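Kindly generate the complete structure, drawing on both the sequences and the hints.
Here the protein sequences line up with chains A and B, keeping their order.
All residue numbers for the first sequence refer to the working numbering, where the first residue is 1013 and numbers rise by one.
All residue numbers for the second sequence refer to the working numbering, where the first residue is 1013 and numbers rise by one.
Incorrect hints may appear among the rest.
Identical copies carry no separate label here, and so any pair may be met within one copy or between two of them.
Capping the alpha-carbon separation at 30 Å, the derived lysine-lysine pairs in DSS-like fashion look like this [stated by the list, open to error]:
id: 1; residue 1: LYS1114; residue 2: LYS1344
id: 2; residue 1: LYS1344; residue 2: LYS1270
id: 3; residue 1: LYS1216; residue 2: LYS1172
id: 4; residue 1: LYS1053; residue 2: LYS1220
Derived from the structure by calculation, the hints contain no laboratory data.
Keep in mind it's a predicted model, so treat the numbers as computed, not measured.
2 protein chains.
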Amino acid sequence: MRHLDLNGLGEIKLIELLTREIVPYPDNVIRGIGDDAAVLKAEGEDWLLFTTDMLIEDVHFSMAFVKPAQVGAKAMVASVSDIAAMGGRPLHAVVSLGIPLKFSAEVLQGIYSGLRNAAIEYSLNIVGGDTVKSPGKLIINVALIGSVGAGKAVYRSGAKPGDLVFVTGSLGNSAAGLFLYQNPGTRVSTEAGSFLKSAHTEPKARVKLGALLAGTGMVTSMDDISDGLATEIHEICLASGVGCRIRSPLVPQDQRLKEAAAAAKRDPLNWALYGGEDFELVFTVRRDSAAAIKRLLNEEGEKCHLIGEIVQPKAGITMELPQGYFVPLEAKGYDHFKTRND
Amino acid sequence: MRHLDLNGLGEIKLIELLTREIVPYPDNVIRGIGDDAAVLKAEGEDWLLFTTDMLIEDVHFSMAFVKPAQVGAKAMVASVSDIAAMGGRPLHAVVSLGIPLKFSAEVLQGIYSGLRNAAIEYSLNIVGGDTVKSPGKLIINVALIGSVGAGKAVYRSGAKPGDLVFVTGSLGNSAAGLFLYQNPGTRVSTEAGSFLKSAHTEPKARVKLGALLAGTGMVTSMDDISDGLATEIHEICLASGVGCRIRSPLVPQDQRLKEAAAAAKRDPLNWALYGGEDFELVFTVRRDSAAAIKRLLNEEGEKCHLIGEIVQPKAGITMELPQGYFVPLEAKGYDHFKTRND
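See the structure below:
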């Protein structure tokens, strides 16, 4: 029997293969598969958002580094971040847990307290769940309903040539934190180690920032950086039918990331481009709206960084290096079907 | 470190332990954790239902007996059945798949075609998903939104002493079918073998029947029989604060189930009480509504069977045997944390 090489295939193609969407009742479906969350018409003023995320121990997280409560919270954050990427706010979650029989009650209570704390932090209700035994690893699935004003959802597919590309925050910190956990001999300052490790263990979803950006009506596309900046840019370009040119010196890197990279003899840009789970936002705006967006974010005490621009599709997806020449920006990076941090 | 004996604990207690619900915004939550689906206020005339179910290979199904397309369909049916048990209709699903790397493309396509066929059969949309690699077994999580008329949802908690207890269809067929797969030497007629095996591999959710029953306004409690009749009766009694007395000769058993039980030297009642995944409905009605309900179902070509009555809580949960004496009806039966078919 022919076997699919899932390692070689990667998640995007597999999803394409499997999830040609089934929508017998299209009237209420504004957007189905292919964005961070589905967008559904409801009876009132708002649209519903609907998303699901499955996290498996030793694929998406290691309990050697991440405490049970942090695992629970990260699972919730991954789904909340999908809602943030649409410009929405989370409302109600249902949580399925596949639990290895060897787990202690303390570990389970830790996981659940993490889910609960994240629910409170993001002002959402946990209204249901399923608990089953897992013959293997811990599995957490969070499905989440959110809402967004009708017509206000921001998709991956609206980027146009000439638009400018921005990201929030700084990138690669979660990947660097994981590296430090995996390589405890790396000599970094306490300050840098603690910052990067907590970026890995306690990431935050940018709900307010996503809603603020969507509310401007000036954001043409948006994605959350769950799988690495390069992957998300590829997703936006694929969905929008455009190319993109980013400038590597503009990709925001925290000083503590650079410190860890120097100690580890790694390229910090690699973490910033391909590290997953920062849960920052990447978005595009029309060139003439950029100043207004930056001003608005400043007023709210938030920051965004210009990293490049959207170009014609035939120009491809490229990165300008400091030396001034261009290289293709590969989509590789964090991919659920590949080894992380390769 | 103290380890939780999940095998001994069982799912109900574990859910209690873990899922004290978190509802910071209770205004829109009619019913949270503790029923087949959460019930949520929406802006229009209907309430939203929200449920999630996780199925794991070799815990909930065996790919040795169940084809990939049947696995996909069963996963969808399990969630649809939760919506049916509330009297609602399914609207939109999101599906997470944890896929072992060794799976072939054909197996994946089979699973997805089963999900798709079930979506069409139950008139719902698949609007999103997540696909991740699983280091162990196949994992399928279906989260489902449904709707029910405001005030029309039927809970587990409304049964009152004096109410009569009914079930739809006949019970135990799925468990008997699994037995036949596991014991291929059992000598039964082709007709019985085929009927029971397909009850196991291709179960149906009772959406129309659930909505019909809820629509009467006369059903005081309802549950779907996913984990075995005895377990579901315990859930209703626990949620309603009542006892129950069922009469064993009234528990409906198909002639083909009896034939297989005779061939297997098993008690068919055991399958009917403790076999899971029949996805029939168990419900209670006030004594004075029973005739009207039976008439209505007859008019629709559907059948239900009186199996007992709700009693005072202090009378406990008992079963009257043909000999006329009463025994406690144990909740045991299909339990995700116990061995199936014990």
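Do the hints match the structure? See the list:
1. LYS1114 <-> LYS1344: So LYS1114 and LYS1344 pass the 30 Å test across copies only (22 Å; inside, 35 Å).
2. LYS1344 <-> LYS1270: within (21 Å within a copy, 58 Å between copies)
3. LYS1216 <-> LYS1172: Classified as within: same-chain Cα gap 29 Å, cross-chain 47 Å, threshold 30 Å.
4. LYS1053 <-> LYS1220: Cα proximity of LYS1053 and LYS1220: in one copy and across copies (22 Å, 24 Å).
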